[in-house]
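Chains as they are written, first to last, in this note's numbering: chain A, 1 to 281; chain B, 1 to 295.
Simulated from the structure, these hints should not be mistaken for laboratory data. These numbers were taken from a predicted model, which means no experiment stands behind them. Ideal Cβ placement from N, Cα and C applies to all residues, glycine included. Any given hint could turn out to be false.
Cross-link-like lysine-lysine pairs, in silico, BS3-like; alpha carbons within 27 Å at most [what the hints assert, rightly or not]:
#1 K5/A x K99/B
#2 K134/A x K259/B
#3 K6/A x K104/B
#4 K202/B x K7/A
#5 K268/A x K99/B
#6 K202/B x K5/A
#7 K236/B x K227/A
#8 K104/B x K9/A
#9 K3/B x K108/A
#10 K6/A x K99/B
#11 K9/A x K202/B
#12 K72/B x K61/B
#13 K190/A x K10/B
#14 K140/A x K45/B
#15 K108/A x K10/B
#16 K10/B x K171/A
#17 K134/A x K52/B
#18 K61/B x K236/B
#19 K7/A x K95/B
#20 K197/B x K6/A
#21 K202/B x K6/A
#22 K210/B x K72/B
#23 K236/B x K134/A
#24 K171/A x K4/B
#25 K104/B x K7/A
#26 K268/A x K210/B
#27 K99/B x K7/A
#28 K108/A x K171/A
#29 K227/A x K259/B
#30 K70/A x K236/B
#31 K190/A x K4/B
Computed far set for chain A versus chain B, every beta-carbon distance over 12 Å [unchecked claim]:
#32 I75
#33 I195
#34 M196
Far from chain A by the CB rule (all over 12 Å, computed), these chain B residues [as the list claims (entries may be wrong)]:
#35 V49
#36 T51
#37 G76
#38 G142
#39 A157
#40 N242
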Amino acid sequence: MNSVKKKNKAATIAMVILFSCLAILIILPVYVLFTASFKPGGDLLQYGLNLNLNLSRWSLDNYNLLFFGKHDYWIWFMNSILLTVVTVIATLLISAFVGYGFAAYEFKGRNVLFVIVLIILSIPLEVVMLPLYKQMSTWKMMDSYAAIMLPFVAHASTIFFFRQYLLGIPKSLLEAGRIDGATEYGIFFKLVFPIMKPAFAAMAILNGMNAWNNYLWPLLVIRSADKYTLTLGLNTLINPYGDNYSLLVVGSFFSIIPIFVLFICFQKYFIEGMTAGAVKG
Amino acid sequence: MLKKFFYSQKIAPYVFVLPFVITVLLFWIAPISNGVLLSFQDVLKDEWVGTKNYTRLLSDKIFLKAILNSLKYMLGTLVLLIPFPMLFASLLNSKLMVKADFFKSIYFLPALTSVVVAGTIFRLMFGEASGSLANQVLLAIGQSPIKWLKGPWTSYAILLLIACWRWTGVNILYFLAGLQSIPTELYEAASIDGASKWQQFKNISMPLVKPTTVYVLTISIYAGLSMFLESYMVFKGNNSPNNIGLTIVGYLYRQGIEKRAMGYACAVGIVLLLCVMIVNLIQLKVTGTFDKEEK
Numbered sequence: 001m002n003s004v005k006k007k008n009k010a011a012t013i014a015m016v017i018l019f020s021c022l023a024i025l026i027i028l029p030v031y032v033l034f035t036a037s038f039k040p041g042g043d044l045l046q047y048g049l050n051l052n053l054n055l056s057r058w059s060l061d062n063y064n065l066l067f068f069g070k071h072d073y074w075i076w077f078m079n080s081i082l083l084t085v086v087t088v089i090a091t092l093l094i095s096a097f098v099g100y101g102f103a104a105y106e107f108k109g110r111n112v113l114f115v116i117v118l119i120i121l122s123i124p125l126e127v128v129m130l131p132l133y134k135q136m137s138t139w140k141m142m143d144s145y146a147a148i149m150l151p152f153v154a155h156a157s158t159i160f161f162f163r164q165y166l167l168g169i170p171k172s173l174l175e176a177g178r179i180d181g182a183t184e185y186g187i188f189f190k191l192v193f194p195i196m197k198p199a200f201a202a203m204a205i206l207n208g209m210n211a212w213n214n215y216l217w218p219l220l221v222i223r224s225a226d227k228y229t230l231t232l233g234l235n236t237l238i239n240p241y242g243d244n245y246s247l248l249v250v251g252s253f254f255s256i257i258p259i260f261v262l263f264i265c266f267q268k269y270f271i272e273g274m275t276a277g278a279v280k281g
Numbered sequence: 001m002l003k004k005f006f007y008s009q010k011i012a013p014y015v016f017v018l019p020f021v022i023t024v025l026l027f028w029i030a031p032i033s034n035g036v037l038l039s040f041q042d043v044l045k046d047e048w049v050g051t052k053n054y055t056r057l058l059s060d061k062i063f064l065k066a067i068l069n070s071l072k073y074m075l076g077t078l079v080l081l082i083p084f085p086m087l088f089a090s091l092l093n094s095k096l097m098v099k100a101d102f103f104k105s106i107y108f109l110p111a112l113t114s115v116v117v118a119g120t121i122f123r124l125m126f127g128e129a130s131g132s133l134a135n136q137v138l139l140a141i142g143q144s145p146i147k148w149l150k151g152p153w154t155s156y157a158i159l160l161l162i163a164c165w166r167w168t169g170v171n172i173l174y175f176l177a178g179l180q181s182i183p184t185e186l187y188e189a190a191s192i193d194g195a196s197k198w199q200q201f202k203n204i205s206m207p208l209v210k211p212t213t214v215y216v217l218t219i220s221i222y223a224g225l226s227m228f229l230e231s232y233m234v235f236k237g238n239n240s241p242n243n244i245g246l247t248i249v250g251y252l253y254r255q256g257i258e259k260r261a262m263g264y265a266c267a268v269g270i271v272l273l274l275c276v277m278i279v280n281l282i283q284l285k286v287t288g289t290f291d292k293e294e295k
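Next up, chain A with everything else stripped away, as it sits in the complex (with noise of 0.2 Å):
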């Protein structure tokens, strides 16, 4: 008995082993970007991102420049946290809507549309990509943040989702609401809304983090300047200008702050979002 524990023991200690190398490697790159956010900019145009730690040339500089220079960061960011909000809560609001109509109906047509929604989960947005560009500058609807988020927001993954979500709910529940008198429209915004709260969650993190990493589609769409996203503002900064290195890496860094707080406070979430659809395939 006492060698299975010490056996165990052992097994214990390699696996501990094992992940912390991991999580070293993976927390690396953050550490490195972290720390070049103390180095003059010029540190990384010459070296690059690297492990030396000559504390002698760290300031605040940066934070410094970050704060109160005179550029275009907190525009991006405002833009990119209008865009967000904006997007979560109207693709939610239309994809649980419309999952809803999945998931408590049987009507002619529904398998068809579903199978619809299952294709369009395995059609990337490239092949879509330039006949929507052609199409959104002939409706006139270039360089607005309704041409970047109004393709998406009867979102196919998300629709699946509460579709699945909502299978759940014991048919008993809506005949009780019909029988009281409300409407079907009201049936679901009184009685099935509440109970979608762990489902909204999971999906606004998912929807919010897609939205503020989003880069490819507003690249396309977006031409004036003060109109630019994060992301797309960040990558304005790599032609080595002036501050523009000084502000990319304190930049960088700062975006992940954003996405990184609500994960610590709603990391259960997260984890359900990202995982909802591999278990059941």
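Given chain A, work out where chain B should sit, using these hints.
Leaving out everything else, chain B in the frame of chain A:
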């Protein structure tokens, strides 16, 4: 009358799914059909050219390179991002492991960063200067610094490294979710029968976690074949030396946006669509997902 119609139980479901139907028509079916039509045109000259765009694609060596690069990248991610996360997840799931939640959170961290930030970090870690992190490591083991992003194999490795950095943690979570749905009695029974941990992994975990594996496989194929931004960030734009970082979507972007050859680019898009569809069908066939649904 109209109000009654709108509120009837027959019509309500259609009202519920209406937003989806509208978006699908406007933003998926219209652009895809449009893309098909455009792929038979020379958009700048505004004339029909038949299958010329497609025949040109067949003999376009750069496009061939882009396809090979995308396939190579996809295969690399499949080899690295399925077995290892599966193994790590079952270790983390083991009763002998401590602080598994802590490690799980750390591994998830890179998924929070945007490709813009991740790509920039890796480009600067693998910079040409002898002071960059990667070259410091080379110097430390007595090698001379190299230009990481100029060589085909080193840059391929960097792209795979970014993929591993960002997705290992997420895939671990997927597999953990799958593993946790397996009843523990199975493992207890197996260990009473004297099965080793490795046998338990091979004969219980691996087969029962298959739906998760199929899911991860599907999204990896999708993401692998449509990869673009990672390369765009690492090479500071769409031009890599000798096109070593060019992918199918990169070529689509180059033709459609940079060279304004919309018709030709749409043909590239249709080829990408077919690639994804075919690979997914093969994958579903091989993994037997169809058979399951027939039962």
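Taking the hints in turn, this is what the structure says about them:
no. : hint            : verdict
1   : K5/A x K99/B    : holds (19 Å)
2   : K134/A x K259/B : holds (15 Å)
3   : K6/A x K104/B   : holds (26 Å)
4   : K202/B x K7/A   : holds (21 Å)
5   : K268/A x K99/B  : holds (16 Å)
6   : K202/B x K5/A   : holds (24 Å)
7   : K236/B x K227/A : holds (22 Å)
8   : K104/B x K9/A   : holds (21 Å)
9   : K3/B x K108/A   : holds (21 Å)
10  : K6/A x K99/B    : holds (19 Å)
11  : K9/A x K202/B   : holds (23 Å)
12  : K72/B x K61/B   : holds (16 Å)
13  : K190/A x K10/B  : holds (20 Å)
14  : K140/A x K45/B  : holds (22 Å)
15  : K108/A x K10/B  : holds (10 Å)
16  : K10/B x K171/A  : holds (16 Å)
17  : K134/A x K52/B  : holds (21 Å)
18  : K61/B x K236/B  : holds (23 Å)
19  : K7/A x K95/B    : holds (14 Å)
20  : K197/B x K6/A   : holds (16 Å)
21  : K202/B x K6/A   : holds (25 Å)
22  : K210/B x K72/B  : holds (24 Å)
23  : K236/B x K134/A : holds (26 Å)
24  : K171/A x K4/B   : holds (23 Å)
25  : K104/B x K7/A   : holds (24 Å)
26  : K268/A x K210/B : holds (24 Å)
27  : K99/B x K7/A    : holds (19 Å)
28  : K108/A x K171/A : holds (19 Å)
29  : K227/A x K259/B : holds (25 Å)
30  : K70/A x K236/B  : holds (25 Å)
31  : K190/A x K4/B   : holds (20 Å)
32  : I75             : holds (17 Å)
33  : I195            : holds (17 Å)
34  : M196            : holds (14 Å)
35  : V49             : holds (17 Å)
36  : T51             : holds (18 Å)
37  : G76             : holds (18 Å)
38  : G142            : holds (17 Å)
39  : A157            : holds (14 Å)
40  : N242            : holds (21 Å)
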